[in-house]
Amino acid sequence: MKRFIRTAAVAVTLLWASGATAQNILDNTGISGSMQMDGAYYLTDKKMGITDSTLDGKTLRMNGFTEINYNWKNFTAGMRVEAYLPPLLGYDADYQGVGVPYWFVNYKNDIIDVTAGNFYEQFGNGMTLRAYQEWTLGYDNSLKGLRVKVTPFKGVTLKGVWGVQRYYWNAFENNNRGIVKGADADFYLNDMFTALNDSKVKIGLGGSIVSKYQAGKTLDYVIGEDIYTLTLPENVANYGGRINLNIGGFNLYGEYAHKINDPSAMNDYIYKPGEGCYLNLAYSKKGFGLSAQMKRIDNMSYKSNRSITNNMLNINYLPSITKEHTYYLASMYPYATQPNGEFGVAGQLTYSIKKNTALGGKTGLNFIVNYSQVNGLDRKAINDTTAIGLSGTDGYKCGFFDISKDLYYREFSIEATKKFSKNWKGIFTYLNQAYNRDVVEGHSNEYGIVYSNIGIADITWRINNNYALRGELQGLWSLKAHENHEANTGDWAAALVELTVNPHWFFSVSDQWNYGNEDEDMQLHYYNVNMGYVYNSTRIAVAYGRQREGIICVGGVCRYVPASTGLTLTVTSTF
Amino acid sequence: MKRVILTIIAFSLIAFSGIAQEKQATSGKPIPKVDIKNIEGNPFSTTEIQNDGKPIIISFWATWCKPCIKELTTIADVYDEWVAETGVKMYAVSIDDPRSSNQVRPLVNGKNWEYTVLLDPNGDFKRAMNVGPIPHTFLINGKGEIVWQHTSFSEGAELELIDLVRKLSKGEPLN
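Chains as they are written, first to last, in our numbering: chain P, 3 to 577; chain V, 7 to 181.
Keep in mind that the hints were calculated from the coordinates and are not lab data. Hints may contain errors.
Said to hold, decoys possible - Beta-carbon label-pair distances, calculated as ranges: (1) V/176 - P/77: 34 to 42 Å; (2) V/166 - P/328: 22 to 30 Å; (3) P/355 - V/44: 22 to 30 Å; (4) P/245 - V/172: 42 to 50 Å; (5) V/58 - P/200: 15 to 23 Å; (6) P/471 - V/166: 17 to 25 Å.
Unchecked claim - Rough simulated footprint, nothing fancy, chain P against chain V, three-plus residues with beta-carbon under 8 Å: (7) 47–53; (8) 156–167.
Claimed, not checked - Below are the EDC-like pairs computed for lysine to aspartate or glutamate, each with C-alpha atoms no more than 20 Å apart in a straight line: (9) V/117 - P/417; (10) P/75 - V/130; (11) P/156 - P/112; (12) P/356 - V/120; (13) V/39 - P/69; (14) P/357 - V/87; (15) P/110 - V/130; (16) P/364 - V/86; (17) P/156 - V/41; (18) P/219 - P/136; (19) V/72 - P/136; (20) P/110 - V/41; (21) P/356 - V/83; (22) V/132 - P/115; (23) P/420 - V/120; (24) V/173 - V/87; (25) P/421 - V/86; (26) P/204 - V/54; (27) P/357 - V/83; (28) V/72 - P/500; (29) P/287 - V/130; (30) V/132 - V/151.
Virtual Cβ for every residue (Gly too), placed ideally from N, Cα, C.
Pulled out of the complex, with its shape left as it was, chain V reads as follows (with noise of 0.2 Å):
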């Protein structure tokens, strides 16, 4: 019994430990090399997620992922607003399965979403990122490294990350 509730504390203090590292810890990776998927299936190197210098946003989500339906339906509201502003692109990357992969592009199409969006059908660029729940949003600076990254979206999430880009765009420091 004891043993089981040292080991729980120990897992807990790891994650805050990791809360007080994040910062450092997500600073300045590049992004790693991983073989996927384009929209139409056929393959694509992450080495090709690029953006003339200035800022990416890289979202993990899947067709039957609630919340992230709903913060890929937001930011489309508004995508236009921020390309004009910041010159930002975003790659959506769908870790949908063969059950579903195949349904990607007719459903991106039919919301009229403008990201250029990936496939990554066995998690392999997930696995890459260390992605866990989704959804998942990476910010990645001119240079190509990773600077921040956040899980879950709620309501209102989109403007924190739209200042981070312009933070970005400006060359100021995130924080």
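Here chain P stands alone, though its shape is the one from the complex (with noise of 0.2 Å):
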């Protein structure tokens, strides 16, 4: 223990030293950064089914990372340390471990732009290529190698990117995954063309072809007693086109690429190409917004490595069509983008009625409504003797408007904001889900559908210039499940009650209970206590409580989250 306080007395004094130095430093040149500390102490929890050998010994978990940049001139270098010791729960437990992930160095000028080291990037919508990180998620594919961006003229871009994934700390080597080659161009017409530069019609239009290579010419299958070799293409390219047109209020974007074959274990290695197709029309003015998105995704799944089946190593990026939620229960079950096939519609409405109508009152009322439904695809057997999908074969059939009976998630939600007076405001929400929780959660026939009403008032009370008050009182409401499924866990109740005191602090009371739940020894209270402190731009947060068991997704890439109870400490820092 002594041993420890002298260690910590002397880290104490380095840290505000190199402080102090590091102020002037920071002064005078171009270092900036930011820093993410989550630290977890768990523990056990009877009611939960959480003991010492689920939490395997390690009840002190950490995941944090500082990324510091550097620039000078038309350089940027940066890097970022980050460390799993061990990974918090929820995490993949290959991320155990600290060091460098991610380093760079970048030089820029005005038709040039050239990065060497890691690197992120997106092609249009993603659909062939998107690298990117999501802290929270766990999830990041940068790229590692070279990447070159061109400006030669006004509104054209130009890229090229030559790289291998992140995958958790592996370095690449022994083929444990493929290499990524993309280029991509963007036309931009108003810019190129001084006819159109005052032009009311905004034309842009693009391009885009990504190739993967993976060593590996055959591969052995087993079906049955029967071993079938296959022969595999090394090199698998995805290519595609995108239009953005602005007329006035109106927009349209489209794009649309297409996959060769790649069998691979996520389509049960079928040698069928791939298809994406997002379409999104929209049109608003003041007070108006309403938008219409259409989206088939035919057999897109796309990563570096063909044999792995987990979240890791997506080349592309399919997100949901679905709106993404961030209130407890309208976000407990999330639906997320089915690769090897799907076909789906959205719509969203946004309103402002205007302020001294009938309807609107003194203060106007805005509101969202949205609608979004996904389907399978309708295959068929390529002949009378194939089974749909058999390894080895093209797999299946599939028209473009072949939509299958079988729901995936359908939602309906409206979400009125009302400001009742100075001081008084609140959000209401209502949702109806149905969530197909075997094709998302990847049970066979198990649990069905997930019919859920769901009710959301979040009122906000300023007392004062320094004090808020605001409460959130949710209830879900589902359907018993169907008497040949397993159970689900039934009806829900939340509340929150959290304080602001400005500048500085926070502090919240959250509950959900699962009153609901047919086992009543699983009718629990998930309590949570938070409070934090935030200075300018450093937030530090501490929280005791439970954790409900959960998938948290962000855009088309979710994580499974196991019941917790314990202790949190978070910092976030941008300097």
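Take the two lone chains and join them into the complex the hints point to.
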């Protein structure tokens, strides 16, 4: 203990000293950065089935990073140190360790932009390539290699990338993943042609081609007792085009991508080409916004290692068309894109009713109505003797509008935002969801579809300019599962009270209560006490409570989070 | 175990020393030059973020971020007055990814927001500005230098922001 205190004291002194020095350095140069630390101390919780053995003895866990960038004239260099000691529950154990998974050197002027090292990139909407990072999900598929971006004329952007994706801490060796190469061109016609400079019609066109190379010419595959040898394509291309058209308040965005045969563990080694299509049509003016989307995905998983089926090493990005939620109960059953095939439509209306009208009252009223539905594809056998999806064959036939009756997800939601007076305002949300638990979570006809109605009231009372109190009341009512199916968790209620004290403090208490669980022992309270301190761009939060088992999704990627109880500390800072 | 505790302590200390240095560290840096998109999805360079020598607010947000929507809705009510009084211009940078980046313009119009809205669908500008959790708000002085930044939003925080903008527009020091 003494030794510990001494070490800590030395560390404090050193850090403050280096802090003071850093201060001077930071003032005069282009150093900037950010950090985040998520630490957790997990406790056993008999009611939730958490014991010493489920925790594996690792009760103290931490995810953290510090990123530092240095800028000098046209050069920028940066690096990120990450530490998972060991990773928080719900993050891949493969992340355990400390290292520098991200570093780069960049040179940029008006015409050329070159990056060596790790980089993030997105072609169009990402259907052919998207390298990005979501810290909260533990997702990072940055490419390590070389990126060149050229802008020869105004309105024209050409990009080339060549690299390998990050895979936990694994170095690129022994053919453990493929090499990704890609090129993209973007043309904004209104900047390219002076005649169009002031036109109300604005046209953007783009195209991209991506190729992955993974060694391996053949693969032995066992079906029943027979061994088949599949001939594999070592290079797989994925190419696409896009258009972005704006005319006054109208917008049309369309993107199409085609992938050549890509037998992989994800599609069970079929040779059918893949297809992705996304269309967005929108119209908006002051106080009114309307949009409609359509998305069709057919065999579009595109990973730089053909043999993995987890969430990692995605080269392209296939986000869900459904609305993203953050309230506790609205996000209990989140949809994730099914890369092997789905057809979805969605629409959203945003409307502000003016002040001093019958409906709008003195302060006006804003509401958002959203609808989305995703179904599976109606696959047909390629001939009479081949089963649908048989490995080593073309898999199946499916026309563009061959949509099956299998419902994957459907949601209707309406959200009204109302300011009652200077100090009172509220957001009221109603959602109706149908969630195909078997398809989204990968079960085989165990749970069926969960139908739920959700109501949420979120009220804020500004007591004065420094104190504000916010309360949330939420309910989720789900229909009883079909008797042939496993029970879902049933009805839930949730409440939250939050006090903010400007400019630094916040406190909150919340509870999610699974009062409708058919298993009485599981009618648990998932309580949480949270407090935090904000100083400019530094935020420190401490929480104690229970985390319910669930799925956290951001964009097209989801992460399973196991139930836990404990104390967490989160520190984020930008400097 | 001890290593873990030490690491946690070290990280916390870095954060705390970060607090101490904040005022200094954020002063005077220019806005990094990054190619992003305007609200119509067409090319936009961050060098175009300008306001004729008057103060600028840059706020990072997303359509799914409740506190962000709250901040932008609160400021929208008083934005006209702010502009008339100080000449400030606000840029609201959406970090919505391709899942919802096409929804930004209909939402912004539907909500009647008057800000200049930009799209940063792959987080390029966000990374260059070292933004972590959102909302994250920056204040830029007339010379185009970042002079203040703040993360999170709570009711009443907009009053602190406009006070700082007033000081900037009068050429007074922030502290």
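inquiry  = Check whether the Cα positions of residue 117 of chain V and residue 417 of chain P lie no farther apart than 20 Å.
reply    = holds (13 Å)
Whether the CB-CB distance between residue 471 of chain P and residue 166 of chain V falls inside 17 to 25 Å: holds (19 Å)
Check your understanding: Given the proposed pairing of residue 364 of chain P with residue 86 of chain V, does the C-alpha separation stay at or below 20 Å?
Key -> holds (18 Å)
Does residue 130 of chain V sit within 20 Å of residue 75 of chain P, going by the straight-line distance between their CA atoms? holds (19 Å)
Item to check | Distance restraint evaluation - residue 176 of chain V, residue 77 of chain P, Cβ atoms, bounds 34 to 42 Å | outcome: holds (37 Å)
For this session: Verify the proposed pairing of residue 204 of chain P with residue 54 of chain V, using a straight-line Cα cut of 20 Å.
Result: Holds: residue 204 of chain P and residue 54 of chain V sit about 19 Å apart, inside 20 Å.
Check: Going straight from one Cα to the other, do residue 287 of chain P and residue 130 of chain V come out at no more than 20 Å?
Finding: Not satisfied, since the Cα-Cα distance of roughly 28 Å exceeds 20 Å.
- Verify the proposed pairing of residue 39 of chain V with residue 69 of chain P, using a straight-line Cα cut of 20 Å. holds (19 Å)
Can you let me know if the beta-carbon spacing of residue 245 of chain P and residue 172 of chain V is within 42 to 50 Å?
The hinted range 42 to 50 Å holds for residue 245 of chain P and residue 172 of chain V, with Cβ atoms some 45 Å apart.
Would you mind confirming whether the straight-line C-alpha gap from residue 357 of chain P to residue 83 of chain V stays at or under 20 Å? holds (12 Å)
*asked:* Please verify the coverage claim for the stretch 47–53 of chain V: does it have three or more residues whose C-beta sits within 8 Å of some C-beta in chain P?
replied: Three-residue rule met by the stretch 47–53 of chain V, so holds; n is 3.
| message | Check whether the Cα positions of residue 173 of chain V and residue 87 of chain V lie no farther apart than 20 Å. | response | Judged against 20 Å, a Cα distance of about 16 Å means the pair holds.
This entry does not satisfy hints 18, 29, going by the numbered hints stated previously.
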